[in-house]
Structures are given as C-alpha cells and as structure tokens.
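Going line by line, the protein sequences match chains A and B. Here the first sequence is numbered in our numbering, starting from 149 and rising by one per residue. Here the second sequence is numbered in our numbering, starting from 149 and rising by one per residue.
The hints are simulated quantities; they were obtained by calculation from the structure and are not laboratory data. Be aware that a few hints might be false.
Copies of the same chain look alike in the list, so a pair counts if it works inside one copy or between any two.
As the list claims (entries may be wrong) - Lysine-lysine pairs mimicking PhoX-like chemistry, simulated, CA-CA at most 25 Å apart:
| id | residue 1 | residue 2 |
| --- | --- | --- |
| 1 | Lys197 | Lys182 |
| 2 | Lys187 | Lys197 |
| 3 | Lys187 | Lys283 |
| 4 | Lys223 | Lys375 |
| 5 | Lys223 | Lys291 |
| 6 | Lys223 | Lys353 |
| 7 | Lys199 | Lys283 |
| 8 | Lys291 | Lys182 |
| 9 | Lys375 | Lys197 |
| 10 | Lys199 | Lys375 |
| 11 | Lys182 | Lys199 |
| 12 | Lys223 | Lys187 |
| 13 | Lys387 | Lys375 |
| 14 | Lys353 | Lys187 |
| 15 | Lys387 | Lys291 |
Number of protein chains: 2
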Amino acid sequence: MPNKSAVPISLVTIKAACSQCSLHELCLSEGLSKEELSKLDSLVGARRKLKRQQNLYRAGDPFEAIYAVRTGFFKTDVLLEDGRDQVTGFQMAGEILGMDGIGTEAHTCNAVALEDSEVCVIPFSQLEQLSREIKTLQHNFHKVMSRELVRDQGLMMLLGTMRAEERLAAFLLNMSQRFTSRGYSAAEFHLRMTREEIGSYLGLKLETVSRAFSRFQEEGFIAVQQKHIRILDGDGLRKLLNHQPR
Amino acid sequence: MPNKSAVPISLVTIKAACSQCSLHELCLSEGLSKEELSKLDSLVGARRKLKRQQNLYRAGDPFEAIYAVRTGFFKTDVLLEDGRDQVTGFQMAGEILGMDGIGTEAHTCNAVALEDSEVCVIPFSQLEQLSREIKTLQHNFHKVMSRELVRDQGLMMLLGTMRAEERLAAFLLNMSQRFTSRGYSAAEFHLRMTREEIGSYLGLKLETVSRAFSRFQEEGFIAVQQKHIRILDGDGLRKLLNHQPR
DNA sequence: TGGTCGCTTTGATCCATGTCAATACGATAA
DNA sequence: TTATCGTATTGACATGGATCAAAGCGACCA
Numbered sequence: 149m150p151n152k153s154a155v156p157i158s159l160v161t162i163k164a165a166c167s168q169c170s171l172h173e174l175c176l177s178e179g180l181s182k183e184e185l186s187k188l189d190s191l192v193g194a195r196r197k198l199k200r201q202q203n204l205y206r207a208g209d210p211f212e213a214i215y216a217v218r219t220g221f222f223k224t225d226v227l228l229e230d231g232r233d234q235v236t237g238f239q240m241a242g243e244i245l246g247m248d249g250i251g252t253e254a255h256t257c258n259a260v261a262l263e264d265s266e267v268c269v270i271p272f273s274q275l276e277q278l279s280r281e282i283k284t285l286q287h288n289f290h291k292v293m294s295r296e297l298v299r300d301q302g303l304m305m306l307l308g309t310m311r312a313e314e315r316l317a318a319f320l321l322n323m324s325q326r327f328t329s330r331g332y333s334a335a336e337f338h339l340r341m342t343r344e345e346i347g348s349y350l351g352l353k354l355e356t357v358s359r360a361f362s363r364f365q366e367e368g369f370i371a372v373q374q375k376h377i378r379i380l381d382g383d384g385l386r387k388l389l390n391h392q393p394r
Numbered sequence: 149m150p151n152k153s154a155v156p157i158s159l160v161t162i163k164a165a166c167s168q169c170s171l172h173e174l175c176l177s178e179g180l181s182k183e184e185l186s187k188l189d190s191l192v193g194a195r196r197k198l199k200r201q202q203n204l205y206r207a208g209d210p211f212e213a214i215y216a217v218r219t220g221f222f223k224t225d226v227l228l229e230d231g232r233d234q235v236t237g238f239q240m241a242g243e244i245l246g247m248d249g250i251g252t253e254a255h256t257c258n259a260v261a262l263e264d265s266e267v268c269v270i271p272f273s274q275l276e277q278l279s280r281e282i283k284t285l286q287h288n289f290h291k292v293m294s295r296e297l298v299r300d301q302g303l304m305m306l307l308g309t310m311r312a313e314e315r316l317a318a319f320l321l322n323m324s325q326r327f328t329s330r331g332y333s334a335a336e337f338h339l340r341m342t343r344e345e346i347g348s349y350l351g352l353k354l355e356t357v358s359r360a361f362s363r364f365q366e367e368g369f370i371a372v373q374q375k376h377i378r379i380l381d382g383d384g385l386r387k388l389l390n391h392q393p394r
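All chains, please: the whole structure from these sequences, using the hints.
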C-alpha cells in the first residue's frame with residue numbers, strides 16, 4: 149500500500165536550472181529577478197547523481213562547494229575516534245548541505261544519500277562572488293545558514309530536555325511538516341532511514357525508538373508499517389510535546 | 149585566592165575600534181587591510197554595556213544587529229512554552245552573538261550577560277553591505293557562521309552520545325581551550341555560570357554536575373572551589389573522553 | 001522455493017542519572 | 001556578630017532507557 153498521496157505534484161516539472169526549479173522558495177533563489185536567476189543558473193550548472201548509500205562528501209574532504217538537494221534524501225553524521233557516531237541531520241529536496249566546511253576549508257561530517265538522489269553543486273567561491281553582486285542572493289544565503297543554526301538549537305533542546313517519546317513525536321511532526329511544505333502528504337510518508345539512524349539522531353537506542361513507535365500505534369496516534377508512517381492524530385503527538393510532566 | 153594567572157595580558161590595551169582590537173583574529177576583522185579596517189570601524193561604532201543578568205536580547209525581539217563580545221561573558225538559552233529551558237551556548241570575548249535572528253528577522257533565543265560585559269553592535273544590513281565590498285570580510289563572516297554550525301555539531305554529539313562525566317570533561321576542556329586562545333591560563337579559571345546552567349547546557353541535572361565535579365576532584369583531575377577551577381591533569385580528562393567504554 | 005540477511009519488534013534485566021531531601025557554604029545585609 | 005538567600009554538596013531511592021537476547025518479518029537472491 150504505497151502512499152500515493154506522497155507523490156509530489158510539483159516535482160514532475162523539474163528542469164535543470166534554478167530559474168525553472170520548483171524548490172525555488174526553499175532554496176537560494178527566492179526573490180531573484182530573471183537576470184539574477186540566469187546568473188545563478190550558470191553558476192549552478194553542475195549536477196551530481198548519487199546512488200543509495202553513496203557519500204556526497206566525507207569528514208576531512210576539502211571544502212569546495214555546497215550542495216542543494218534536488219531529489220532524494222540524505223543524512224549527515226559525525227564519527228568519533230572511538231567509533232561512536234551521531235546522525236546530525238536528515239536533508240530533503242531544497243535543503244542545503246556542506247556549509248560545515250566553510251570555516252575550516254574541510255568538511256567536518258559525512259553526507260550520505262539514503263536513497264538514489266541528485267544534488268546541485270554550488271562552487272562556494274563562485275557563490276560568494278555572485279552574492280557580492282546580488283544583494284538578495286547574499287541575504288538568502290545568510291538566511292539559510294541562520295535557519296540551520298536555529299534548527300540546531302531545536303535539536304539541542306530535544307536532546308537536552310526531552311524524553312524518548314517526546315523526541316520521537318517531535319521528529320515525526322517535523323518530518324510531516326517538511327514533507328508538507330514540499331507538496332507531499334502531511335499524514336502519510338515513507339521514512340528513508342532505519343530505526344538505528346533515527347535513534348542516533350534523537351540520542352536514543354534503536355530499541356527505544358521501536359518501542360516508542362509501538363506505543364504511538366497502541367495509542368492510536370500513528371499507523372506504522374515498517375518505514376511507512378501514517379499520522380492519525382497529529383494533535384495527540386503535539387500534546388505529548390507540550391504539556392509534558394517533567 | 150583569585151586566579152591571577154587568569155588576568156589577560158592582551159586585553160589591557162583594548163581600544164575602541166576593530167583596527168585596534170586585540171580580539172582581531174577571533175572576530176571578523178582578520179586579514180583586512182588598513183583601509184578596510186577603518187571602514188569596518190565606522191560600521192561598528194556603537195558599543196553597549198550590560199550589567200550582570202541583563203539581557204542583550206530576548207527571543208522574539210526584532211533582529212537588527214549581531215554582537216561581538218568585547219569583554220565579559222554571556223549565555224544564550226531557549227525557553228519552551230511548558231517552562232523547560234536549555235542553555236544553548238556560553239560566549240566569551242571575540243565571539244559573535246545574534247546570528248540566530250537572520251533567518252526569521254527575529255531572535256530565537258535569549259542572550260544574557262553572566263557578568264558585567266560589553267559588546268560591539270554590528271548593524272546587520274550594514275555588515276551585509278560592507279561585505280559586498282570587502283571579500284575578506286564576507287568570507288570571515290561566513291567562516292564565523294560555519295564554525296558555529298560545527299560547534300553545534302559537537303554539542304549534539306555530546307548530548308546524543310556521551311555520559312555525564314564525559315560531558316563535563318568535554319566542557320571543561322573546551323572552556324580551558326577557549327580561555328587559552330584569549331591569553332588566559334589554560335589550567336585555572338573562573339566559571340561564570342552556576343551548576344544549574346552548566347547542567348542545562350550539558351543536558352544534565354545540577355546534582356549530576358556537582359557529583360561529577362566531586363568525582364573529578366577525587367580522581368585528582370581538577371581542584372574545585374566553588375566556581376574556581378584548576379585543571380591538574382588535563383590528559384586524565386582527555387582520556388575520559390576518548391577510550392570510553394560504550 | 002527456500003535460504004540468507006538486514007531490519008524490526010518484544011521481553012527481561014540492569015544501571016546511570018533523575019528525583020527528593022537534608023545539609024553546608026559563602027556572600028551580603030542587618 | 002547573626003540572619004538570610006542563593007548556590008553547592010551529598011545521600012537515599014526511583015525510574016527511564018540501555019543492554020542483552022530471542023524471535024519475527026520482508027526483500028532479495030540462488
């Protein structure tokens with residue numbers, strides 16, 4: 149029972165250039181004039197396809213470009229010497245990857261495609277150059293980075309103060325919201341990552357994630373079938389988040 | 149027994165302008181030519197003093213400027229509707245505050261002085277304008293934001309995978325390293341925040357923080373006297389971090 | 001068609017950290 | 001000096017999530 153409702157409407161018309169891209173408002177090109185867009189187009193020429201499980205970049209790779217996800221789904225993770233690792237984010241269409249590398253000239257995390265995916269390669273020095281010419285582009289880029297900082301704040305909040313079920317509820321609502329703003333169904337979607345990856349992202353063990361899923365199903369908040377999730381009672385999940393005991 | 153060694157050498161010579169500022173390399177002005185610096189000077193004219201416990205800005209405040217800490221010590225925190233809050237960072241001289249506001253035109257967290265402090269006010273639209281003229285400034289700003297992203301990654305790692313004593317060890321080593329790069333003693337410093345604030349930052353309860361401090365003292369890693377910390381065995385702390393059991 | 005493999009679910013038990021409570025300490029004010 | 005208040009330490013106990021272990025389920029392949 150594949151979730152038909154999750155087929156994106158707008159993505160059908162995707163073309164090569166930013167000027168034609170349906171991800172417009174999520175990405176860097178919002179508010180640009182026609183001629184500005186065409187300048188951006190020439191910058192973003194390169195495209196890169198990745199197979200599932202392929203790395204877009206690895207920690208330590210020299211930093212040269214940032215990437216806009218065109219289609220597909222990614223995770224970023226950090227690996228400690230002692231083997232522990234943590235998923236630091238999941239990225240979907242329209243989201244930008246690789247900004248961690250600017251500060252040190254090298255990437256500090258790994259980015260891996262969780263399904264066959266395609267990204268726009270945005271050479272960073274060229275982006276800086278163009279955004280010295282185009283005020284709106286400059287500001288858009290700053291906004292993207294800032295939003296990433298705010299996202300991180302939210303994740304810290306989650307990791308620092310929430311209990312297991314709250315974390316998972318927050319995660320599901322966040323996924324739902326992001327699918328929505330891409331024209332997919334808010335209520336039904338397919339998770340691309342394993343329980344272990346969810347757990348790593350949420351600071352939990354995979355068993356705990358699994359138990360929380362089961363619990364939510366018992367409560368009637370969601371229907372789970374492997375990686376297919378149907379949200380039956382979003383408010384139920386939201387309540388879990390807000391007036392939590394401690 | 150105040151820690152004399154923690155008196156900064158370089159800060160004595162602080163003047164008003166970026167061009168004279170000893171925090172140079174930590175801040176936005178690195179690598180700028182004389183004339184570029186003087187342009188930056190005119191932008192950063194405004195200064196703001198804050199008393200201990202005073203807010204630099206609050207969540208929801210309209211975003212207009214970012215701030216460079218000149219002297220003193222800050223915390224940033226996020227407050228949830230249900231009353232839970234989390235400290236998301238501690239900022240000291242040379243560090244930049246307020247970039248969370250760019251994306252939404254409003255600040256998303258609170259910034260509070262933990263001791264009497266002074267900041268340079270950097271009106272953001274002017275900074276954007278000047279960094280369209282000065283490539284190096286533009287790049288410096290991008291680096292600062294990127295480093296903030298990487299810092300957040302580290303904190304997620306800490307919150308997601310480390311146990312209490314590891315977290316505190318990481319925290320102490322980080323503080324020590326930051327004091328060092330400002331010309332203070334690496335081995336002896338004064339914490340400006342309470343156990344509760346440390347706990348909030350590390351995702352622990354204040355009692356757990358206190359116990360970990362006591363434990364480190366028993367082990368001979370540090371000497372604790374209230375907020376005065378002396379690091380006796382930094383390698384001991386580092387070992388705690390690396391070859392940890394799980 | 002059966003076998004293997006990766007992923008997920010579920011149960012039983014353990015332990016790190018949270019919780020609650022008492023006490024101590026240090027600064028400041030009366 | 002003594003009182004007060006915020007902060008820190010320490011102890012006793014409770015518990016949420018980790019850990020260990022065993023099935024279950026689906027997808028893919030031979």
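Please name the hints from earlier in the document that this structure breaks, with their numbers sorted from lowest to highest. 1, 7, 11, 12, 14, 15
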